[in-house]
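For the sequence shown, the positions run 3 to 90 when my numbering is used.
Certain hints may be false.
To be verified - Below are the BS3-like pairs computed for lysine-lysine, each with C-alpha atoms no more than 30 Å apart in a straight line:
| no. | residue 1 | residue 2 |
| --- | --- | --- |
| 1 | LYS50 | LYS75 |
| 2 | LYS69 | LYS80 |
| 3 | LYS62 | LYS50 |
| 4 | LYS62 | LYS80 |
| 5 | LYS75 | LYS58 |
| 6 | LYS69 | LYS33 |
| 7 | LYS50 | LYS69 |
| 8 | LYS62 | LYS75 |
| 9 | LYS58 | LYS69 |
Just so you know, the hints here were simulated from the structure itself, not pulled from any lab data.
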Amino acid sequence: MNPLSPLGWILIILLVGLIVGINLSLFLGAKKKNNPDSWVVRIQEAGKTMRDPFRKEDEKLENLSQKVLELQKTQSEKNSNGDKNERP
3 MNPLSPLGWI LIILLVGLIV GINLSLFLGA KKKNNPDSWV VRIQEAGKTM
53 RDPFRKEDEK LENLSQKVLE LQKTQSEKNS NGDKNERP
């Protein structure tokens, strides 16, 4: 069996370093999965927008609708109870 030349050892060390570096970057990338600036999150958001282009507007309208219902409910309760400071 022939011993490895110094070039062979350098290539082995570089290969091991490359494999460790790739695994480390994948691990750290998975750890930062919820980062809103991540390109994965941007692609997912683009996919959601393509499936439902008016999703954000619908959410805003639904929120507005809930607030209007709450306001109408409080107004009707106020009118049914009567305001003691109100003049006839």
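Query - Hints the structure fails to honour - result: Hints 1, 6 not satisfied by this model.
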